[in-house]
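**Q** Each chain, written out:
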Amino acid sequence: MRSQFTKGLNWQIWAGFLLSLVAGLSYPFVFVRWPMTREFPWANLVLFAIAILLLFLGLRRAFQSDKGIVSKIFSSLAAAFGLFMLAALLFVIYVAGSWLPASSAAPLVGQKAPDFTLTDSNDKPVTLGQLLTEPINNKPPRAVLLIFYRGYW
Amino acid sequence: MCQSELRSFQKDMNKFIDAGIRVVGISVDTAEKTREYMLQKAGYTFTFLSDPKPETIGSYDLVHPEELASGKDIARPAEFLLDSSGTVRWRMVTENFFKTARPEQVLEAARPLQ
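Going line by line, the protein sequences match chains A and B.
Residue 112 in the working numbering sits at position 112 of the first sequence; the count goes up by one each step and never skips.
Residue 45 in the working numbering sits at position 45 of the second sequence; the count goes up by one each step and never skips.
Because the hints were derived from the structure by calculation, they are not lab data.
Values in this document were obtained by computation on a predicted structure and should not be read as measured data.
Treat the hints with care, since some could be wrong.
As the list claims (entries may be wrong) - When the alpha-carbon atoms are kept at most 30 Å apart in a straight line, the in silico DSS-like pairs for lysine-lysine are as follows: (1) A:Lys124 with A:Lys112; (2) B:Lys99 with B:Lys15; (3) B:Lys41 with A:Lys112; (4) B:Lys11 with A:Lys112; (5) B:Lys11 with B:Lys99; (6) A:Lys139 with B:Lys11; (7) A:Lys124 with B:Lys41; (8) B:Lys53 with B:Lys99; (9) B:Lys53 with A:Lys112; (10) A:Lys139 with A:Lys124; (11) A:Lys112 with B:Lys15; (12) B:Lys11 with B:Lys41; (13) A:Lys112 with B:Lys99; (14) A:Lys124 with B:Lys53; (15) B:Lys72 with B:Lys15; (16) B:Lys72 with A:Lys112; (17) B:Lys11 with A:Lys124; (18) B:Lys99 with B:Lys41; (19) B:Lys72 with B:Lys41.
Stated by the list, open to error - So, partial list: chain B residues that the calculated Cβ filter (under 8 Å) puts toward chain A: (20) Leu6; (21) Ser8; (22) Gly20; (23) Glu95; (24) Lys99; (25) Leu113.
Think of the CB as a built atom: it goes at the ideal place given N, C-alpha and C, for glycine as much as any other residue.
Start from the sequences, fold in the hints, and give me the full structure.
**A** Laid out in structure tokens, this is it:
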């Protein structure tokens, strides 16, 4: 015997709705931190697969049962929201993520890196030559890695 | 979220120091902002250089003009490994913002360097 509570509540649609929210937001807040979950968002896709299954079950329940029109509308909106979250995640990673300039004139392997003088975090000028020669642990550096990053502006 | 690349390099900082590789971050941030966010708040220990104009970012052809989120001319992500003569020995000029250099790739590329 199902209780009045579980009989009345379409828990699949609620769970699917909440899980699709988690599946979408956990990318920028959690999974973006590690290359393994950032470069291909498999963790989020697993969560979305479960969410969409739940939404499908909830939707089927809402349309099969003697539920009212409000329940049918809500279930449809929740399912649409889940699909929208998935589309938004894929859009951000694969479409917006590739909106980068071509940088065809960036130095190639084998070329000399363009020289520069920039200020460090103590407002002191630093040249590329200094970075290449100033010792690390009393030994001349073997290599210098330049990481260009977006910053906080 | 956008500092996840730098965070992974910071985590492997000891390996880079042991290998004699100087890690340098370059962005349009001012020195003041770098001190506040990168050094004090986030605790990074590598060298940060400010290029607010951006000039050097321009000479490396890495300017992302009027980038959508900031509305400003900022650097697009890219990494260059230079040997002691300043010659590029490995680089990654990504085509996707979410796919940037991993520390282990750089350490691997630096292994044959003198």
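**Q** Would you mind marking each hint as holding or not holding in the structure?
**A** Here's how the hints hold up against the structure:
no.: 1; hint: A:Lys124 with A:Lys112; verdict: 24 Å, holds
no.: 2; hint: B:Lys99 with B:Lys15; verdict: 22 Å, holds
no.: 3; hint: B:Lys41 with A:Lys112; verdict: 35 Å, violated
no.: 4; hint: B:Lys11 with A:Lys112; verdict: 29 Å, holds
no.: 5; hint: B:Lys11 with B:Lys99; verdict: 18 Å, holds
no.: 6; hint: A:Lys139 with B:Lys11; verdict: 22 Å, holds
no.: 7; hint: A:Lys124 with B:Lys41; verdict: 21 Å, holds
no.: 8; hint: B:Lys53 with B:Lys99; verdict: 26 Å, holds
no.: 9; hint: B:Lys53 with A:Lys112; verdict: 23 Å, holds
no.: 10; hint: A:Lys139 with A:Lys124; verdict: 22 Å, holds
no.: 11; hint: A:Lys112 with B:Lys15; verdict: 25 Å, holds
no.: 12; hint: B:Lys11 with B:Lys41; verdict: 16 Å, holds
no.: 13; hint: A:Lys112 with B:Lys99; verdict: 25 Å, holds
no.: 14; hint: A:Lys124 with B:Lys53; verdict: 16 Å, holds
no.: 15; hint: B:Lys72 with B:Lys15; verdict: 35 Å, violated
no.: 16; hint: B:Lys72 with A:Lys112; verdict: 28 Å, holds
no.: 17; hint: B:Lys11 with A:Lys124; verdict: 26 Å, holds
no.: 18; hint: B:Lys99 with B:Lys41; verdict: 25 Å, holds
no.: 19; hint: B:Lys72 with B:Lys41; verdict: 24 Å, holds
no.: 20; hint: Leu6; verdict: 6 Å, holds
no.: 21; hint: Ser8; verdict: 7 Å, holds
no.: 22; hint: Gly20; verdict: 4 Å, holds
no.: 23; hint: Glu95; verdict: 6 Å, holds
no.: 24; hint: Lys99; verdict: 5 Å, holds
no.: 25; hint: Leu113; verdict: 5 Å, holds
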